[in-house]
Amino acid sequence: MGDDDWGFLLDENIERAVGTCLREHGYRVDHIVSVLDPGVDDLTAVLPYARAEDLIVVTKDVSDFSALNPEDHEGLILINSHRLTATEMCAAVRQIVSAYSSRDALRDHFEFLDQWVE
Numbered sequence: 001m002g003d004d005d006w007g008f009l010l011d012e013n014i015e016r017a018v019g020t021c022l023r024e025h026g027y028r029v030d031h032i033v034s035v036l037d038p039g040v041d042d043l044t045a046v047l048p049y050a051r052a053e054d055l056i057v058v059t060k061d062v063s064d065f066s067a068l069n070p071e072d073h074e075g076l077i078l079i080n081s082h083r084l085t086a087t088e089m090c091a092a093v094r095q096i097v098s099a100y101s102s103r104d105a106l107r108d109h110f111e112f113l114d115q116w117v118e
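Residue numbering for the sequence shown follows full-length UniProt numbering, beginning at 1 and increasing consecutively.
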């Protein structure tokens, strides 16, 4: 599966530089503030958009997203640390992608990005 088969929806708490870096590596990236209204509800707006667009949500809202049932999402990358740089986050997302055999393998699962930071 190619890089262009992977897509990410960055939550509004993820800086735009992460998206820029991921796009430079060939991934599709949408940022919530660009495609939805700021402050939209996670369950009624963010998750339906991610499902419709087949995007993995990348967020620092661990408490909001970690309790979701697997069938409620297309894949999640959760970030605990608020100290990671955009470069570190981008590199960790790329490592997660390389560890999975396909985009579908991450569907309905979640990863904690912090564990992938070198």
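Treat the hints as calculated values from the structure; they're not laboratory data. Mixed in with the good hints, there may be bad ones.
[Unchecked claim] Pairwise CB distance ranges, derived in the manner of DEER restraints:
| hint | residue 1 | residue 2 | range |
| --- | --- | --- | --- |
| 1 | E24 | E53 | 14 to 22 Å |
| 2 | E118 | H82 | 30 to 38 Å |
| 3 | D37 | S101 | 31 to 39 Å |
Keep in mind the model is a prediction, meaning the values are calculated, not measured. By construction, the Cβ of each residue, glycine as well, lies at the ideal position given by its N, Cα and C atoms.
Status of each hint after checking the structure:
1. Separation of E24 from E53 is about 20 Å and conforms to the stated range, judged on CB atoms against 14 to 22 Å.
2. For the pair E118 and H82, the supplied restraint of 30 to 38 Å is violated, since their beta-carbon distance comes to about 18 Å.
3. The hint said 31 to 39 Å for the Cβ distance between D37 and S101, and at roughly 36 Å that hint holds.
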